[in-house]
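Number of protein chains: 2
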Amino acid sequence: MRQYILKDFPLDNDSLKLGETIFHNANGYLGVRGNFEEGYPEGYDSIRGTYINGFYDFASMPQAEKLYGLIEEKQTMLNVADTQGITLSVEGETFSLFEGTVLERERLLDMDRGFTLRRILWRSPSGKTVRVSVKRMASFYLLPLFLVEYRAEAVDFSGEVKLISSHKGDVRNYFDPKDPRVAGESFQHLFVQSVEEQEGVSLITSATSKSGLTVVSAVANRLAVEKCQAGTFGAGNAAGQAETSGAGNAAGQTETSGEVNIAGVVSERSFSEAEAAETFTFPMEAGDSAVLYKYTILCDSIRCERVQAEAIKLMEQALSMEAEELYRRQEEYLQKFWQDCAVEVEGDEDLNEAICYNLYQLVQSAGKDVHCNIAAKGLSGEGYEGHYFWDTEMYLQPFYILNAREISKNLIRNRYSILEHAKENAKLLGHKKGAAFPWRTIMGRECSGYFPSGSAQYHISGDIAYCVTAYYLATKDLELLEECGAEILLETARLWMDMGNYYKGKFHINAVTGPDEYTCLVNNNYYTNALAQHNLRWAVKSLELLKAAGREKRLVEKTGITAEELAEFTEAADAMYLPYDEELGINPQDDSFLQKAVWDVAAIKEEEKPLLLHYHPMYLYRYQVCKQADTVLAHFILEDAQDLETIRKSFAYYEKVTTHDSSLSTCIYSIVASRLGLVDKAYEYFGESAKLDLFNTHKNTKDGIHTANMGGTYMAIVYGFGGLRIKERGVCLNPVIPRQWQGYKFRFLYEDASLEVSVDRERCRISLLKGSAKELLVYGETYTVEPGRELEIAVRSEK
Amino acid sequence: MRQYILKDFPLDNDSLKLGETIFHNANGYLGVRGNFEEGYPEGYDSIRGTYINGFYDFASMPQAEKLYGLIEEKQTMLNVADTQGITLSVEGETFSLFEGTVLERERLLDMDRGFTLRRILWRSPSGKTVRVSVKRMASFYLLPLFLVEYRAEAVDFSGEVKLISSHKGDVRNYFDPKDPRVAGESFQHLFVQSVEEQEGVSLITSATSKSGLTVVSAVANRLAVEKCQAGTFGAGNAAGQAETSGAGNAAGQTETSGEVNIAGVVSERSFSEAEAAETFTFPMEAGDSAVLYKYTILCDSIRCERVQAEAIKLMEQALSMEAEELYRRQEEYLQKFWQDCAVEVEGDEDLNEAICYNLYQLVQSAGKDVHCNIAAKGLSGEGYEGHYFWDTEMYLQPFYILNAREISKNLIRNRYSILEHAKENAKLLGHKKGAAFPWRTIMGRECSGYFPSGSAQYHISGDIAYCVTAYYLATKDLELLEECGAEILLETARLWMDMGNYYKGKFHINAVTGPDEYTCLVNNNYYTNALAQHNLRWAVKSLELLKAAGREKRLVEKTGITAEELAEFTEAADAMYLPYDEELGINPQDDSFLQKAVWDVAAIKEEEKPLLLHYHPMYLYRYQVCKQADTVLAHFILEDAQDLETIRKSFAYYEKVTTHDSSLSTCIYSIVASRLGLVDKAYEYFGESAKLDLFNTHKNTKDGIHTANMGGTYMAIVYGFGGLRIKERGVCLNPVIPRQWQGYKFRFLYEDASLEVSVDRERCRISLLKGSAKELLVYGETYTVEPGRELEIAVRSEK
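Those protein sequences? They're chains H and R, same order as listed.
Taking this note's numbering, the leading residue of the first sequence gets 118, the next gets one more, and so forth.
Taking this note's numbering, the leading residue of the second sequence gets 118, the next gets one more, and so forth.
Just so you know, the hints here were simulated from the structure itself, not pulled from any lab data.
There's no promise every hint is true.
In this list, chains with the same sequence are indistinguishable; a pair is considered to hold if it fits within one copy or across any two.
[As the list claims (entries may be wrong)] Subject to a maximum C-alpha distance of 27 Å in a straight line, what follows is the list of computed DSSO-like cross-link-like pairs (lysine-lysine):
no., residue 1, residue 2
1, K327, K183
2, K621, K593
3, K722, K540
4, K544, K726
5, K798, K887
6, K623, K766
7, K862, K664
8, K773, K798
9, K245, K183
10, K550, K670
11, K540, K670
12, K816, K124
13, K485, K670
14, K544, K722
15, K245, K670
16, K773, K549
17, K887, K485
18, K245, K544
19, K658, K124
20, K593, K844
21, K798, K544
22, K549, K887
Using the sequences and the hints given, assemble the complete structure.
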């Protein structure tokens, strides 16, 4: 049972906002924060939001000082219509956790079945007891659908009950001028065009202020009253129910169905300029339960032309299915998901819960079509304004490549869909050729307002290229390479050629920022150069692969690539300068990193963390201090670029100067520690990584989950402890096991096969679940895994 | 006769705005652009402005991306009340250069007498001819006074004439969202508090929006009519005049004085919420002249407490003097100015004119009290928002130190007055100690919105320290050292100690920007390190000097300086790392400059100039391309840090990669070329420098003059061709002479003496105008110059 339960959850404002994130519902298309339907009292601050992946408005972002090429317009993910609102009153007393007495309360996330549940036993100020349970689901089966099942049981009273279901178009994005990690200003982005009703469905159409996009939200309510049966938690159109629907009703009219007489239900609709609401008033007796099914459909003009018509059609499709059927399909979808990755740890239930939670966020967050990607906070909040970063390629794709190829492909296609923007961006940055992918974006244009730790992170182009090759190595999918992958490799390779210059026979890349944002605008960042080298080589290789298959025509025609240019790629890759310090035997992060003063990371006081909120960036640039894994990340993804001894020394060196102020860091340290046999250390880093959001260790989970870190948790198990690498020579495994665990296992796809790796304290077992026999390198030795014959290899102990 | 005359000046908009700058009137306290009193027609764009040095408002400057410590509020120099307006109508036809026929027109700047003159012979559409001449003066004698003498002669008609003199409080700063070098947004900074009249003086009191400052403008008009005398240009209360003054008059009343009957003058006053005006209506006959003396007094709350009372008092003082008396004092002031510097070139009149013009701007621009400094555009326009930069110390003080010590002292005192702000700024930038002077400021707080080419230019602290020592070396003024100079040296030295770190035995200073803004955030910028070394040494020396004189007590008590700290200064100075490239035999601009690709400066197309308006800064950072002299500047100011051969090679190297997109560049190249005996080259660079504004070679003189470049022109003569240096061992001269010149001369102050240097094609003559005998090094050989005995030395020819 994959469940996360929070009993007696605290009601202070920070905990509430944290809960909004933790219990959000998303499916990759839409996301709804776990706000209370009834809201909070005056004075409480809530990030109340519903988001559509890839739906944005343009927002002006003036630069304090105008310089050529600085970005002055960004995109921002919009909070769209609020369809969460449901208010319950019992004989005039309104349900609220902040009034009367809350006798029991818990929140639950069911990751097997894909819903959240909030259960409250509440006694009103006058003493009436109600049991409320709210089940919420963002459907994986019908992506535009968000379903709320709101259940209220009259425990010990009889009287008039009122349920108001609202649908609000007048919404804004959250802002906090004090926190650099969320938007700093309030601005109305979405303007309601119309509020109407069609066949019992309320429809709000809104348009964005600048981007010319439209969104339609449709809401339908279905009320059922279960007479005289003691409430049981959980939904279900069991017998003995009565349903009433507002469909087609004028105010004050009721329509009833089912065998039980509920003639007492009165349904009223109201409309204002930007809001629709439906009020149900009905009598209840002790033991009765009322169940409101509230269907929300979201539709946007990015994905369809006739948005309102599409919303109505989709709503009809949703309403045509019983809720139970929708729940069943949700469970089916997740069953496959869990089966495919099947990550499990034996011996640490808390950790298992955190891992589960993180993997669940990966399926919740990932865009499922070519129009979107994965935002830094998934669809759980507005932190980073819904922008897509390198997180996708370096922290999330490793999971999808191994477990969800369709998602992986779409993500690559999404990057390809913005290739022209990337070329424009390269031009803006002064380049004569190539594609410079934006550091942060939604629709493809750069949104970075501070280029030293934005556009200067040219490595994002290398990251995207790297991901294309990683996908290819795992799948051998020539089709995607032909469709878009090779073109990405080629245009990014061109960028490096325009970026770099030869100096004393070596190819240098200057004035860039690596992953570590505490060291900006440096020369020859090791990570960037190593990645560029890989990029240049694979641009050549990908063309060779296509040529060998006779599939290079489109690419050659479109890009005009010549043999001469390819030779230049190879020459530059061969001459690529990778900084190395003889004395320390490590790869310096960049040309000048080692000459700077060392920041005493161990001495940083709690109130100074994270450093970026307490020091001027330039001050940080003057020190050997890293926000996150940089060279160490290169040692993970391109481990064959250096011998293990260098990696060992680098790891030890950078560990001392890294604050891990970025959530993308500890997972990488965990992976490399595993690789070096430092299993205790790996375990420690892994724990920090896995529990980041559930334990709110970075103190900003309220703004949304740290999606990349969640991918990082997965990587720390599979690439870290499992030691999995997929290289040109094939699958490599180097499993280790932390002494705290009894065992762990995971599955992954490789070419036509699905494999399972199971490790315990003595043995590593590898079996082929489907597909053809595969050669594997385990601890550097070659084995073949065949159908029906499990490999069993002794696990190596910690070094 | 130091005059600049523009006949038949063009009337297109660009030329008009350029003229506004070229013919502005300023005295270091106030500045008024050379706008036409009558304005331009609809559709013309004018930068109409009156400025007070050091008077500012705060303006918000939000950063596109919030990061700790980034500056989000700047100061901006305000356009204060518009008292320029004078409208002339002749029988209902309004004088305008854009209607009727302009028969003659010229503009004149008289630099001996300190006024501008605009002379027009105009025929109205109906054929009436009027001779208009407008003389304007910003008084050096009474700094708050701006005087306009508006003279109109009825050449060939008799009829009713009307003069309207306006006084407007509703003014805004100019803005141009397309140009990064002027303010990008319009904003009302100044709010009129009251418009009133007291004893014939209109008074407008305005308050700033955020800085809490007040300004009062007072205007008084005095009309005189000269009957039946043919108009002669020039002012003067000659006999035969009649005067009428609006003082104390209610609307429609007239008051007359003098022997001539001019009872026909009607004076009317009008007031509105933000404006006052006085209208004079009177009959004229052919041959009559009307002269309106318009007095403006500006007073601000930075400099006095009871601002309005002070304005009235100052107006009384001004009105108590005949205009002629004010003109005479103006001429006296300038006589001394020209006598003290006495720069003259024989053999190139155009150049002489440009030099004169530039020197004149130096006296117009320099703040004359401790409350202000010298803005990048002087008081001639709003470019750079009236901010003070390093220009003061490195390009302007060299002139004042040698010729106007009181100004020089005030400028140092002004920097000292913001020392506490500089300490705060250091804290903001992360430093534990020391003073980091703001890169751009008015009242002391940093105004730089883009720190890589703003606050990162830490060298400004070294520049200010350098200037303190330069002033001391030329004056041996221990008093100023005790009063403030030594403290500046000490607090800036502390900054370097906190900035730098030892690496392999050398003291490194990382993550700074040198003068060249095309190369930002580098390590060990040669200029910065050399300056820091000088700063550290002089912090120690200055304390020794004070100790030797028994005057160190205040400094030691205030700063808590210890022997240990001083020893650290010396140690760091001795260990200072100054990049040197063995192969090229030059000082690299910074650690990584030479490994970057060389930008082919010779191939830059006209439409790509200046590069900063056509390339993303990061792209520029990736190249060996310099906006301006950087290492070459260090080779000028600290020439003994390297042997001449290194300087020669450096000069040749940097010359190839420097675009001179900054106006601070060619003058320095000229100076160093002179030093290297490359006199033709020196002459060429000098010419570019000298003519920048008069010829508008940078195409942005409309926004104001390039004050620093004007100082640079001076430096190129005295430090360049003259080869003057004032070092610890005394005065050094290395005169050369361009073959285009017959000769040149200049004067300068040194210790108690005033010296004159006169160079012709054969001989250099040095004489002591006053003071005691001095030892001099000429061409490296020691001479003594004594009273009454001119030294004569053969001039060395070009190498």
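For each hint, the structure was consulted:
no.	hint	in the structure
1	K327 / K183	both (22 Å within a copy, 23 Å between copies)
2	K621 / K593	neither (38 Å within a copy, 50 Å between copies)
3	K722 / K540	between (44 Å within a copy, 24 Å between copies)
4	K544 / K726	between (38 Å within a copy, 18 Å between copies)
5	K798 / K887	neither (35 Å within a copy, 79 Å between copies)
6	K623 / K766	both (24 Å within a copy, 25 Å between copies)
7	K862 / K664	neither (39 Å within a copy, 77 Å between copies)
8	K773 / K798	within (13 Å within a copy, 54 Å between copies)
9	K245 / K183	neither (63 Å within a copy, 50 Å between copies)
10	K550 / K670	within (21 Å within a copy, 64 Å between copies)
11	K540 / K670	within (21 Å within a copy, 65 Å between copies)
12	K816 / K124	within (21 Å within a copy, 71 Å between copies)
13	K485 / K670	neither (30 Å within a copy, 75 Å between copies)
14	K544 / K722	between (43 Å within a copy, 18 Å between copies)
15	K245 / K670	neither (75 Å within a copy, 81 Å between copies)
16	K773 / K549	between (40 Å within a copy, 23 Å between copies)
17	K887 / K485	within (25 Å within a copy, 88 Å between copies)
18	K245 / K544	neither (68 Å within a copy, 60 Å between copies)
19	K658 / K124	neither (55 Å within a copy, 71 Å between copies)
20	K593 / K844	within (11 Å within a copy, 73 Å between copies)
21	K798 / K544	neither (44 Å within a copy, 37 Å between copies)
22	K549 / K887	neither (48 Å within a copy, 63 Å between copies)
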